[in-house]
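Asker: Listed here are the chains, written in short residue letters.
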Amino acid sequence: MSEPEYKSYYGRPILKEPVWKPEIPWYLFTGGLGGALSGLAFGARLAGNDTLARRAVMLAGAASAVNPVLLVKDLGRPRRFLNMLRVFKVTSPMSVGSWVVASFGTASGAAAGCELLGVLPRVRALAEASSAVLGLGMSTYTGSLLAGTSIPVWHDARRELPFVFASGAAMTAGAAAAIVTPAAEAGPARVLALMGAAGELANVSLMEHRLGPLVAEPYHEGPSGRYGKIAKGLTVAGAAVLAAAGRKRAGAVAGGTLLLAAGALTRWSVFRAGSASARDPKYTVVPQRERLQARS
Amino acid sequence: MGGGGTLSSATADGQLSYGAEIEPRMGFFTDTSVCIGCKACEVACKEWNLVPEDGFVWTGHSLDNTGELSASTWRHVAFVERSVRQGDGIDQWLMSSDVCKHCTHAACLDVCPTGAIFRTEFGTVVIQDDVCNGCGYCIPACPFGVISRRERDQGVEHGVGAHDGGAHKCTLCYDRLQDGLEPACAKACPTDSIQFGPLDELVAKARERCEQLVEAGVDSARLYGDDPNDGVGGFGAFFLLLDDPEVYGLPPDPVVTTRDLGEIWGAAAAAAALLGGALLSAVAF
Chain A
1 MSEPEYKSYY GRPILKEPVW KPEIPWYLFT GGLGGALSGL AFGARLAGND
51 TLARRAVMLA GAASAVNPVL LVKDLGRPRR FLNMLRVFKV TSPMSVGSWV
101 VASFGTASGA AAGCELLGVL PRVRALAEAS SAVLGLGMST YTGSLLAGTS
151 IPVWHDARRE LPFVFASGAA MTAGAAAAIV TPAAEAGPAR VLALMGAAGE
201 LANVSLMEHR LGPLVAEPYH EGPSGRYGKI AKGLTVAGAA VLAAAGRKRA
251 GAVAGGTLLL AAGALTRWSV FRAGSASARD PKYTVVPQRE RLQARS
Chain B
1 MGGGGTLSSA TADGQLSYGA EIEPRMGFFT DTSVCIGCKA CEVACKEWNL
51 VPEDGFVWTG HSLDNTGELS ASTWRHVAFV ERSVRQGDGI DQWLMSSDVC
101 KHCTHAACLD VCPTGAIFRT EFGTVVIQDD VCNGCGYCIP ACPFGVISRR
151 ERDQGVEHGV GAHDGGAHKC TLCYDRLQDG LEPACAKACP TDSIQFGPLD
201 ELVAKARERC EQLVEAGVDS ARLYGDDPND GVGGFGAFFL LLDDPEVYGL
251 PPDPVVTTRD LGEIWGAAAA AAALLGGALL SAVAF
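Listed in order, the protein sequences are those of chains A and B.
The working numbering applies: residue 1 is where the first sequence begins, and numbers increase by one.
The working numbering applies: residue 1 is where the second sequence begins, and numbers increase by one.
These are calculated hints, taken from the structure and not from any lab test.
Quick partial rundown of chain B residues pointing at chain A, CB under 8 Å, derived from the structure: (1) 131; (2) 165; (3) 166; (4) 257; (5) 283.
Pair by pair, the computed Cβ-Cβ distance ranges are: (6) A:103 x B:227: 41 to 49 Å; (7) B:60 x A:214: 24 to 32 Å; (8) B:181 x A:223: 45 to 53 Å; (9) A:279 x B:266: 26 to 34 Å; (10) A:125 x B:175: 50 to 58 Å; (11) B:47 x A:223: 37 to 45 Å; (12) B:47 x A:209: 50 to 58 Å; (13) B:208 x A:72: 51 to 59 Å; (14) A:279 x B:192: 31 to 39 Å.
Built from N, CA and C at the ideal position, the CB exists for glycine as well.
Model the full assembly from the supplied sequences, consistent with the hints where possible.
Answerer: Okay, structure coming up:
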């Protein structure tokens with residue numbers, strides 16, 4: 001698109017870029033992965049598919065152990081991580097998220113522990129059910145977290161980002177479970193992965209479309225644009241392999257791995273798009289000027 | 001509560017919770033038409049608040065070598081060089097001392113997950129240094145890009161000065177206000193470009209000043225942040241500018257992120273429900 005006319009102060013940014021380090025895009029990945037795996041485990045248990053449930057519970061437990069490590073490492077003052085739990089604020093997606101991460105981690109950790117040791121079946125059942133519900137929050141609140149900033153490419157996508165992260169969570173959870181579960185029992189995992197992949201492609205396209213050509217620009221150029229393009233290719237390829245050859249061991253591993261990579265890259269694309277969107281003042285000034293003009 | 005002007009009555013709930021201890025909402029009126037670019041405000045702020053150095057760099061952008069507000073720059077003087085008459089080179093300077101806006105509806109305060117950011121009895125917005133854990137959420141939440149983090153230096157003892165890992169910004173000299181003193185920058189300003197006082201009084205004074213300037217032929221004079229109906233409910237620190245806000249590096253139509261909280265949480269709830277449905281239908285296979 002042609003460069004819009006706008007004024008700025010020496011081209012300097014108006015907004016500040018996020019100071020978050022690579023831990024955060026990886027957390028967007030592990031959080032959604034673990035969250036949806038807990039839901040898959042709970043569903044599989046209900047359906048009597050204990051083989052799938054067992055593997056999904058263990059994977060979810062592993063992901064939920066990684067989450068807080070990534071989040072605490074990213075803090076400017078990691079030793080004060082518990083300060084997150086001194087308040088609960090609905091106005092702060094990060095505050096709500098901290099409680100979701102803490103309670104989800106406890107529940108899915110307990111479920112995995114009971115499963116591993118083969119003890120306390122009723123505690124395990126309760127932990128599985130609660131981690132499944134909390135997992136839905138884990139997989140979606142991260143969209144609200146980014147939307148809660150002033151960064152145009154995130155805030156203006158507030159209606160789409162939770163859906164992008166939910167479909168990515170389904171895609172990666174299905175993919176991971178399909179890799180580690182014998183093919184005969186992994187049918188639901190493959191279906192979930194394929195539904196997630198279709199949803200991810202649709203949701204990302206919808207988000208880019210609704211943002212409009214200017215604000216969505218970071219998704220078409222620079223590192224965030226590159227990551228996004230590769231992610232779309234990997235999503236299509238992984239879904240095709242999983243659909244065609246997912247019943248064979250090698251097909252499940254190959255297709256699942258491609259979809260896991262696609263999910264991670266989509267999150268990196270969204271993360272890097274935020275930095276690009278904050279860095280260039282045109283994304284801040286031009287839409288605000290248009291808004292003012294429309295009002296007058 | 002003091003005053004009774006529109007801005008005071010729009011003060012966010014936080015200040016009202018002080019009950020009998022509430023003070024009139026205090027703020028800054030920065031009249032950039034009389035700013036001479038001396039940077040006394042930047043220096044006074046650093047001295048009083050023990051703000052560490054913010055990098056000794058030459059930006060090449062006129063006389064501006066601080067560049068922007070940040071964890072270690074709480075007042076920032078912008079310099080815009082302009083050519084108003086054709087072909088005469090630089091014949092006009094715009095200078096403006098920027099500062100935290102102490103918004104009526106403050107995004108940083110709303111999104112802070114530790115409660116470190118709070119509203120004082122004066123209606124100002126302050127970060128409690130001993131509570132902030134450096135999560136960084138307030139930084140991209142601020143529609144003005146006021147806040148940043150002093151990155152932790154691994155080689156330095158934890159929690160020390162320039163390397164404490166926390167988010168920082170202007171406190172509107174909370175400590176001085178509690179002792180009945182005016183903030184250091186306003187005290188040091190030699191031209192009264194930075195004026196401090198009860199917000200409603202400042203707004204009345206600023207509107208008068210703006211009219212005066214327009215009558216005198218300065219058509220470009222306008223107030224920025226005096227309107228309680230703007231996207232942040234009006235600023236606690238507002239400005240008289242001589243050009244569009246973006247010329248000074250300010251957003252033309254800032255909006256508090258949490259105004260859209262309903263949409264933000266609504267989308268998450270809908271996406272969670274959809275994911276739940278997808279999970280249940282997958283295991284039905």
